[in-house]
Amino acid sequence: MSKLILSLLSGFVFGLGLLVSGMGNPAKVLGFLDLAGAWDPSLALVMGGAIGVAMPAFWLARRRATALLGEPMQLPAARRIDRRLLLGSLAFGAGWGIAGFCPGPALVSLLAGQPKAWLFVGAMLAGMAVFEVLERRKAPAPA
Amino acid sequence: MSIDWQHFTPWTALAGGMLIGLAAALLILFNGRIAGISGILGGLLRPRRGDLGWRIAFLAGLVATPLLYRLWQALPAVRIDAGTPALIVAGLLVGVGVRYGAGCTSGHGVCGLSRLSPRSLAATCAFMAAGFLTVYLLRHV
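From first to last, the protein sequence lines stand for chains E and W.
Counting from 1, position 143 in the first sequence corresponds to residue 143 in the working numbering; the numbering is continuous, with no gaps.
Counting from 1, position 23 in the second sequence corresponds to residue 23 in the working numbering; the numbering is continuous, with no gaps.
Everything labelled a hint here was simulated from the structure, so no lab data went into it.
Even glycine gets a Cβ: it sits at the ideal position worked out from N, Cα and C.
Be careful, since some hints might not be right.
To be verified - Not the full set, but computed from the structure, chain E residues with beta-carbon under 8 angstroms of chain W:
hint, residue
1, 7
2, 19
3, 61
4, 85
5, 110
As the list claims (entries may be wrong) - SDA-like mimics (lysine to any residue), calculated; alpha carbons at most 20 angstroms apart, straight line:
hint, chain 1, residue 1, chain 2, residue 2
6, E, 3, W, 132
7, E, 3, W, 59
8, E, 138, W, 43
9, E, 3, E, 72
10, E, 116, E, 27
11, E, 3, E, 38
Claimed, not checked - Computed footprint of chain W on chain E; a stretch qualifies when at least three of its residues, placed anywhere within it, have a C-beta under 8 angstroms from a C-beta of chain W:
hint, region
12, 21–34
13, 124–131
Here chain W stands alone, though its shape is the one from the complex (with noise of 0.2 angstroms):
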């Protein structure tokens, strides 16, 4: 293992992960619900009375992130290596995992670690540990 120091970026990433934490601390302490987002998306597929509005505002946040951003200063360069069909095929993967896993790294790795979850910090190591053999068997073997 080599550390990738002219991507490594220590300061904004743990600046844009305080963020993320805020927004999960302001979530569960006055709606009492958590910022996981496979859930709060998933929950939209499963429509219950009176369960949909705070789910489509959260949502609407984000999604509008961006167009707000930018109206500060230009959006963050992105690559996107992925081709049509392995696009295609993560997004199922990920689409089905994440339901019946019941978490993703919002609502497992973020909400369930800093909730001390023995159940969330399982699901965290699965995922992880799939996402670093993955990686290693389509770019090094």
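So here's chain E without its partners, still in its complex pose (with noise of 0.2 angstroms):
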């Protein structure tokens, strides 16, 4: 049960600094990747406050087997810098680009009474549901 609260919690501390940091507005991230037009440079200190809170806790958290309230602590294995990769990373910066929104900020719009927020994360869905059609039919998952 803490255990859901942490991550409930996490979640809400989580849309509250997108909400605060103006994240959530894509017009304001489109200022951000408009290089070559009127620059606003506000994501990349919002990034950069997020890894300074955050990088002694990934330090601590490298350090532990398990996490404070029992659970394994799970970091990412993977390591490989492969092509799945950076494609996938490639066309997700151009989705980024055309719209404004990622996945974080796309779901905190849903209720702040956005309707073009739906559409996007109706789509959104769409394409993560593409991908695990693809996946599945490459290697059937275990049942």
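Starting from two chains that each stand alone, build the complex the way the hints lay out.
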């Protein structure tokens, strides 16, 4: 139960950070991605602030086998930089540049009275479903 | 390049960023999980026993944020210029891309860079470059 409450709290603090930082606003995100126009560097400071706080936590996490609530510490094991990683990230970046939405801000906009966010999130879920279908066709998931 | 001083909000950007970092720190230290939005959401499409509750709880907190924020003050102004076809194309690209790329701005950009992961650095450079290029092509060509 405490695990679920902690997850809920983390999601809420994350969303609060998106709203406070202005990253829930696609126009502001695109202002960062528009290097050739009037450039708004805010997003770089959002990432800098986030990394500054998270880095010591991950440093500690790497030294523990279990998390504070008893679950195993699940740090990503993948290390390979392959075509799949790079092409996927390039596609994501292109979509990000078209609308100014990445997954977090899009989800946080759903209940902020933004009908366009529903459209984007619907398409994003469809894209994720396409990935699942293609992956399962390649290698059937164990039952 | 010219800096848009009118829209640049260094202090709220930094403060909001620190909250995002705090959220990631809480999730990894207490639950042992990475606060990557695309990974948390994508995991729901591949349901495994005992792995759903925390994902749903995290996403519920994230999605509910504007409702609680609104009790405290007015929601910040939002402008979405993209029209319907652009939003659909963008959503599909983001959905497929973050799953093949195994992460987005949060999983790679915040958590991965905080872990000093070369893989996440490569992914972050790739999506940033694609984002810069796309906006350049759409606005200046």
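Consistency of the hints with the structure:
Hint on residue 7 of chain E holds. Least Cβ distance to chain W is approximately 4 angstroms, under the 8 angstroms limit. Hint status for residue 19 of chain E: holds, given a least beta-carbon distance of 5 angstroms to chain W, under 8 angstroms. Residue-level restraint check for residue 61 of chain E holds (minimum Cβ-Cβ distance to chain W is 5 angstroms; threshold 8 angstroms). Checking residue 85 of chain E against chain W by beta carbon gives a least distance of about 6 angstroms; that is within 8 angstroms, so the hint holds.
Checking residue 110 of chain E against chain W by beta carbon gives a least distance of about 6 angstroms; that is within 8 angstroms, so the hint holds. For the given pair, residue 3 of chain E sits about 38 angstroms from residue 132 of chain W by alpha-carbon distance, which is inconsistent with the 20 angstroms threshold. Between residue 3 of chain E and residue 59 of chain W the alpha-carbon distance is near 14 angstroms, which keeps this suggested pair within the 20 angstroms criterion. Simply put, residue 138 of chain E and residue 43 of chain W have alpha-carbon atoms about 18 angstroms apart, close enough for the 20 angstroms limit, and the pair holds.
Taking the CA atoms of residue 3 of chain E and residue 72 of chain E, the gap is near 12 angstroms; set against the 20 angstroms cutoff, the hint holds. For the given pair, residue 116 of chain E sits about 13 angstroms from residue 27 of chain E by alpha-carbon distance, which is consistent with the 20 angstroms threshold. Between the alpha carbons of residue 3 of chain E and residue 38 of chain E the distance comes to roughly 44 angstroms, so the proposed pair goes past 20 angstroms and is violated. A count of 12 residues in the region 21–34 of chain E with a Cβ less than 8 angstroms from any Cβ of chain W is obtained; the coverage claim is therefore met, three being the minimum.
Coverage of a stretch by a chain is defined here by at least three residues with a beta carbon nearer than 8 angstroms to that chain's beta carbons; for the region 124–131 of chain E and chain W the count is 8, and the condition holds.
Of the hints listed earlier, those the structure fails to meet are numbers 6 and 11, in rising order.
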